[in-house]
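Colleague: Residue strings, one per chain:
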Amino acid sequence: MINVNNVKKKFYDKKNGGFYAVNDVSFHVEKGEIFGLLGPNGAGKTTLLRMIATIMEQTEGVIQVNGYDTKTQADGVKRSIGFLSGNTKLYKKLTPIETMRFFGAFYNIEKNEMERRIKEIIKVLDMESFKDRLVEKLSTGQVQKTSIARCMIHDPDIYILDEPTLGLDILTSRTIIEFIQGKKAEGKTVIFSTHYMEEAESLCDRIGLIHKGQIVSCGSKQDLQEATGKKTVRDIFLSYIDRGDDGE
Amino acid sequence: MVNKWKNIKLIWFKELRSLKRDKKALLTIFLPIVIYPVILMFFFGVTSIVEGNLGEETRSVAYRGFVSEAVRDAIESDEHVTVVEGAFEDPKKAINEEKVEVIIEESLEGDLVRIKLIYNETMDKSSRCKALVSRRLKDYKKTHIDATIASLNLDENVLDLVSLETVELTKESSSNRVIASVLGVVAPFILIMYSIIGIYSISSDLSAGEKERFTLETIFSVPVPREDIILGKLFAGVSVGLLSGFTNIISMFPIVYAIAMMIPDLELAFSPLLPLFILLMLLPVMLLTCAVMLGFGLFAKTYQEAQTYGSFVMMAFMLPGYIGMIPDIVYSNLMACLPVTNAMLAMREAFIGNYIWDKIVITFIVNIGLALGAVFLMSKIFKSEGIIFGSNKVFAFRKKPLVGGTHE
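One line per chain: the protein sequences are B and W, in this order.
In the numbering used here, each number is its position in the first sequence, counted from 1, plus 56.
In the numbering used here, each number is its position in the second sequence, counted from 1, plus 107.
Since the hints were made in silico from the structure, they are not lab data.
Keep in mind that a hint or two might mislead.
Unchecked claim - Here are the simulated EDC-like cross-link-like pairs (lysine to aspartate or glutamate), alpha carbons at most 16 Å apart as the crow flies:
1. Lys66(B) with Glu492(W)
2. Lys490(W) with Glu113(B)
3. Lys127(W) with Glu154(B)
4. Lys111(W) with Glu192(B)
5. Lys148(B) with Asp129(W)
6. Lys131(W) with Glu192(B)
7. Lys130(W) with Glu192(B)
8. Lys127(B) with Glu492(W)
9. Lys127(W) with Glu192(B)
10. Lys237(W) with Glu319(W)
11. Lys113(W) with Glu166(B)
12. Lys148(B) with Glu319(W)
13. Lys193(B) with Asp129(W)
To be verified - Chain W side only, calculated, beta carbon under 8 Å to chain B, not exhaustive:
14. Asp129
15. Asn260
16. Glu263
17. Thr325
18. Ser491
Everything numeric in this text was worked out from a predicted model, so none of it was measured.
Virtual Cβ for every residue (Gly too), placed ideally from N, Cα, C.
Based on the provided sequences and hints, a complete structural model is requested.
Modeller: Pasting the structure below:
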């Protein structure tokens, strides 16, 4: 479903010149799988997910999403994915319904089908009470639900979520976690990044540990436990850092 | 192509809908509708009060030496004149110390009556008093001359030995022409200036504002090419600019109407094509302005920063606008090549019914060419990861060695 091969992303810094934020990363995600990218702040998670979502272009390497190349078939990739991150905020002067209609319109969804989906999403996410209120007047939880609704409107096969629970209270985080679990149950593919070890542990089928722009290890929790002899994802991650498999 | 237009329209209308719900932005655009009539009422109100008060004020005059009864009667026939008694040996001192406003002297040289008015032009009261006394003495002079001619049994036209007549070619519509000329300078200026201000007020929000609110990445994640997004924003900016410009012109209508009503026999008849021509001249300038402002705004990280850049751009666009206001400036080939000024001059000429087509074509080609260039550049900037995400070197002249987190 998602193939990332030898991907590099070079950034420039005024002080130091060029550096790789993502350095020779390769992994794949199967259909119907929840794949977690786990790493501390600045590890390269956001950059990697942005490249998968075609928001940024990789400097080197190849990324394929649902059979589409991110560089040459960005439109196909975008139609296959729903992308949600801390940086994908909503337009404050639109209501949740207008938000769904606005974003849905770019996917050429037929009008009746669009209205059917909107009704369905409102019901599933329990948005009835605030569906006609401007986003700027919604609570954090309601905004997050609207963001999810925005992602779901075209019913994509793949969801790319960048730190979806970052900064959210426990109730709003639960909405996101339930959303991810629900999508897995529907057979959708989910790739998400987090630096919350417990979140990754409880949700993911497989985990990619990323540090300083490199995947230091990748596999199911069981694979990682066997490789390191550690029990929890936190200990597994720290063992890799302590071993110096951190790209330095 | 159909899909491209659909995308642009979606972004364009979304921006306008957001603007419609933004009270602050709406206030900036529509405030002039309220402001201009208020200014007009204030201006005419204050003017009439001041004029009324000045008309009712009493003027003080003094006679120095012998002044004949006839002259005194002529001056004192005005009810606003009071005579201050006194010798006034030093007239300059007396006037400067405001003891009196005008001092009148009379002398006879044979049959010639010589009347001297001593006043201070720099003192408003003294100057007004001199004007009033002069009017009275002018009447006296005419009466005196008529009486003398009559006493000598001469024809009353004896003094009109030479008749001077001037013929103004546009006499029949001179007032119309004056108004049209004034409108020709003022209306394009207001249209261009307020359109630029309108674009300035929204462009920062459309560019850096979106960055700051983290909504750019959201729209980047949907299947719409970035040039469609920026074109939608561009059209929204131009719409707001035009709306702002035309709103200001319409809100100025009461002032123009009030001035026009003061002029007798005024018949203004503009061509119905004039608004269309104005739009044709204005549109490329607005596209250029908006593209440049959006382009600069994209470099900014915050709305405030974009406003700072925008204010410099606004000044750069206003300057040629002021050039177009210079009264004697000619709509030459050179001027037709100067953006903003050229559109103003083309509109100025159109207001007086003068369509200089060769210059208009140059103006249109220059402005549309520059606008398309600016749109192209703006589109490039919008596609640059370095500028949008602040993550990449945009214009690298030399390669630096790779250092930092991970190495090659």
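Colleague: Taking the hints in turn, state whether each one holds.
Modeller: Outcome of the hint check:
For the suggested pair Lys66(B) and Glu492(W), the alpha carbons sit about 12 Å apart, so the restraint of at most 16 Å is met. Restraint check for Lys490(W) and Glu113(B): satisfied, since their Cα atoms lie roughly 11 Å apart, inside the 16 Å limit. Between the alpha carbons of Lys127(W) and Glu154(B) the distance comes to roughly 14 Å, so the proposed pair stays at or under 16 Å and holds. Distance hint between Lys111(W) and Glu192(B) is unfulfilled; the C-alpha atoms sit about 29 Å from each other, more than 16 Å.
Under the criterion of a C-alpha separation no larger than 16 Å, the hint pairing Lys148(B) with Asp129(W) is consistent with the structure, at around 10 Å. As the CA atoms of Lys131(W) and Glu192(B) are separated by approximately 15 Å, the hinted pair is consistent with the 16 Å bound. With a C-alpha separation of about 14 Å, the suggested pairing of Lys130(W) with Glu192(B) holds against the 16 Å cut-off. Restraint check: the Cα-Cα separation between Lys127(B) and Glu492(W) comes to about 14 Å, which is no more than 16 Å; the hinted pair holds.
The suggested pairing of Lys127(W) with Glu192(B) holds, with an alpha-carbon distance near 15 Å, which does not exceed 16 Å. At roughly 66 Å between alpha-carbon atoms, Lys237(W) and Glu319(W) are farther apart than 16 Å, so this suggested pair is violated. Using a Cα cut-off of 16 Å, the hinted pair Lys113(W) and Glu166(B) holds, with the two alpha carbons roughly 14 Å apart. Taking the CA atoms of Lys148(B) and Glu319(W), the gap is near 13 Å; set against the 16 Å cutoff, the hint holds.
Proximity of Lys193(B) to Asp129(W) is assessed by CA-CA distance (about 13 Å); at most 16 Å being required, the pair is judged to hold. Satisfaction of the interface hint for Asp129(W) is found here, the shortest Cβ-Cβ separation to chain B being roughly 6 Å, below the 8 Å cut-off. Look at Asn260(W): its Cβ only gets to about 91 Å from chain B, farther than 8 Å, so that hint breaks. Because the closest C-beta pair between Glu263(W) and chain B is about 80 Å apart, greater than 8 Å, the hint is violated.
A hinted interface residue such as Thr325(W) counts as satisfied when its beta carbon comes closer than 8 Å to some beta carbon of chain B; here the least separation is about 4 Å, so the hint holds. Given the 8 Å rule on beta carbons, the hint for Ser491(W) is violated: about 11 Å separates it from the nearest Cβ of chain B.
Consistency with the previously given hints fails for numbers 4, 10, 15, 16 and 18, ordered from lowest to highest.
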